[in-house]
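> Residue numbers (the numbering used here), protein chains in the order written: chain A, 1 to 238; chain B, 1001 to 1234.
Bear in mind the hints are in silico, worked out from the structure with no lab data behind them.
Mixed in with the good hints, there may be bad ones.
Unchecked claim - For lysine-lysine, the following DSS-like pairs were computed, each having C-alpha atoms within a straight-line distance of at most 30 angstroms:
no.: 1; chain 1: A; residue 1: Lys165; chain 2: B; residue 2: Lys1181
no.: 2; chain 1: B; residue 1: Lys1198; chain 2: B; residue 2: Lys1181
no.: 3; chain 1: A; residue 1: Lys64; chain 2: B; residue 2: Lys1074
no.: 4; chain 1: A; residue 1: Lys72; chain 2: B; residue 2: Lys1074
no.: 5; chain 1: A; residue 1: Lys71; chain 2: B; residue 2: Lys1074
no.: 6; chain 1: A; residue 1: Lys69; chain 2: A; residue 2: Lys189
no.: 7; chain 1: A; residue 1: Lys69; chain 2: B; residue 2: Lys1058
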Amino acid sequence: MSEAGEIIMDILKPADLKYPGALIAVEGLDGSGKSTQMHLIKRWLELEGYKVFFTEWNSSLAVKPATRKGKKRNLLTPTTFCLIHCTDLADRYERQIEPLLRAGYIVLSDRYIYTALARDAVRNCDRGWVRRIYSFAVHPTITFFFKLPLEVALNRILSSRPKLKYHEAGMDLHLSEDLYESFRIFQGKINEEYLRLIDEYNMVVIDATQAVEKQQEQLRKIINERIDLSRYKWRSFR
Amino acid sequence: MSPKQCYEIVPPNVNLETLTGKLLVIEGADGSGRSTQIGLLTDWLEHDGYAVVNVGLKRSTLISNELNSAQQSKAISPITLRLFYATDFMDQLENVIIPALRAGFIVLADRYIYTLMARAIVRGAGPAWVESLYSLAIIPDAVFYLMVRPRILIERNFQNKSTLDYWESGMDIGYSQDMFKSFFTYQRQIQSQFLKMKDKYGFQLINGNRSVRAVFKDLNERIAELLKNWVSNG
């Protein structure tokens, strides 16, 4: 890496969480069951009377219409694909995630910056650049990675022969003319990127081949161990 | 060496070898005479047989509408705004500027990354983050910075629009509730950022306090000189 690259290294890593809140993120391939698990975590914490906020990838009201248009009309390049998703996270981050962490909430994020780091690297964006532009976002308190053999993940998605979207299948990468084949190759590449990120970012790996309730039990145990939940109770019930 | 370079990183799927056109940037505040000069330069260049494309900020197909509505609602936070602008810029870079350069056009840019960087830094963004955000930009063949005293900018803004713009007055920063005062403070801050960037990015400083005709003559001579060199270098 160049000298300039060395200097930039110190802004590569997201800052550590210095707020009273807690941030829990889930990552994994499509079909890994992470959204189901996150939903159950949310229900558990809500029903137990904790202050919880849930947010998901690509859902900013200000940005999403542009992303949708860009995908539909095929306007996106790897760089603008990366930037528009970064803008989407920034909007949710500045308006919701960060203020809520400051206010002492447990924030649950279905996909977080690691989704971008994996996907944008597969789209050949410079890995250092992607990390730098996302460096405004803090590290989660816990990031769960739902690990699944690639074939199992692919079968879960493809067995129902779903209608895959162009970008979802990675067709913009011209990996294959065939939508399903392209999806297979694309997911394989994303999986490789994810596996590189697990150690770098201290993710907690969950074996996603296990039964739903078994996984949920593990998640709750780890959350209990790592986060002092009593701090997040509503002080007065409404 | 390729005819064009990027500041640090070449975006995926971009081939710099084929970019034979020229990229000229005019920077300056609202009321500095940028648009007037770009109009005159376009007429002159097209008259002389050069193919010209005009680009500017907030004109992308991808995100300019969303950027406008986000700004109007003012429900937009600083990092988000910067990323909106960066997305808008890169969309135009890849879909307008680069294809035009490949076709051998002269691209006249009504503002470029420098305004975006100066605005962000004045609002407290880390310079390293802002620079890396725009490190994929193509290095222009020339950058002209029209420097105009804030007092004259005010006059011209009132002359053109009868009002000061909220963002160009830096009202979001909260220097003062008084828009007039805020405008002065903000424009001075922006100018001092531009002067800081001047050597690093090789801006040519143009005295924009003069008449339209005098500024045009200045730009015309400088650009004619560049064109002569480009022709003689093949």
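> Under the constraints set out in the numbered hints, which ones does this structure not fulfil?
1
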